[in-house]
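Chemist: Chain by chain, the residues run as shown.
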Amino acid sequence: AQSVTQPDIHITVSEGASLELRCNYSYGATPYLFWYVQSPGQGLQLLLKYFSGDTLVQGIKGFEAEFKRSQSSFNLRKPSVHWSDAAEYFCAVGLFSGGYNKLIFGAGTRLAVHP
Amino acid sequence: NAGVMQNPRHLVRRRGQEARLRCSPMKGHSHVYWYRQLPEEGLKFMVYLQKENIIDESGMPKERFSAEFPKEGPSILRIQQVVRGDSAAYFCASSQYGTGGLNTEAFFGQGTRLTVV
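Protein chains in written order, with the working numbering: chain D, 3 to 117; chain P, 866 to 982.
The hints are simulated quantities; they were obtained by calculation from the structure and are not laboratory data. Backbone N, C-alpha and C fix where the C-beta goes; we use that ideal spot for every residue, glycine too. One or more hints might be untrue.
Claimed, not checked - Computed cross-link-like contacts, BS3-like style, restricted to lysine-lysine with a CA-CA straight-line distance of at most 25 Å:
hint: 1; chain 1: P; residue 1: K916; chain 2: P; residue 2: K927
hint: 2; chain 1: P; residue 1: K909; chain 2: P; residue 2: K927
hint: 3; chain 1: P; residue 1: K909; chain 2: D; residue 2: K51
hint: 4; chain 1: D; residue 1: K63; chain 2: D; residue 2: K51
hint: 5; chain 1: P; residue 1: K892; chain 2: D; residue 2: K51
Stated by the list, open to error - Every beta carbon over 10 Å from chain D, so not counted as near; a handful from chain P, in silico:
hint: 6; residue: Q871
hint: 7; residue: K909
hint: 8; residue: K916
hint: 9; residue: V982
As the list claims (entries may be wrong) - Quick partial rundown of chain D residues pointing at chain P, CB under 7 Å, derived from the structure:
hint: 10; residue: Q44
hint: 11; residue: G45
hint: 12; residue: L46
hint: 13; residue: A109
Looking at chain D on its own, in the form it has when it is part of the complex (with noise of 0.2 Å):
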């Protein structure tokens, strides 16, 4: 079955500091890769999204993901982190099914950012 694995459920990291967070993926075919984030109290916003072609993709807010097909991996980077950057961030991969994504996620990596 198809899953998302984000194997650390909190990270903490100080001010300035670079950070990774990791996701594994189950899936049959080349997937269709996103990160998300969840600020206390709200939504989710699209950090960045890999459909095809360069493996490393760039997102909004200083963040980057790199698709690995050999580790079946799309790890989110961000060389300094700032205070604000504390959320929780979910991997997604998007399922093409029946016509169309459905979007399964990870539980998520809470990230406190320490000053």
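Got chain D; can you put chain P on it based on the hints?
Modeler: Chain P alone, transformed into the frame defined by chain D:
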């Protein structure tokens, strides 16, 4: 162009009551998706609708839950005879196109947080 609008933002219901959650998609979007987020969990797909049609309801509980997206007006997620386990955040998303491809981005609303007491 307003984003996806959900109301109410917070809803409190007693056990056994009905809950109605509304979602107005972005202008020009005719595809609506409902997701449920239980505490400390990710979002789980519930249902996908187009105008006047339910396309995929594989994530909907078999009883008490229903959804509609009429020709005019918002999409409605209806939960009858709510129980404590229905307490969750319910998110709606909309997209311009429902098929695969580059235009599959779904935009999410801010959610309705349902509390059953």
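Chemist: It remains to establish, for every hint, whether it holds in the given structure.
Modeler: Evaluated hints:
no. : hint              : result
1   : K916(P) x K927(P) : holds, 22 Å
2   : K909(P) x K927(P) : holds, 15 Å
3   : K909(P) x K51(D)  : holds, 19 Å
4   : K63(D) x K51(D)   : holds, 14 Å
5   : K892(P) x K51(D)  : holds, 22 Å
6   : Q871              : violated, 8 Å
7   : K909              : violated, 7 Å
8   : K916              : holds, 14 Å
9   : V982              : holds, 20 Å
10  : Q44               : holds, 6 Å
11  : G45               : holds, 4 Å
12  : L46               : holds, 4 Å
13  : A109              : holds, 4 Å
Hint violations for this structure: numbers 6, 7, all remaining hints satisfied.
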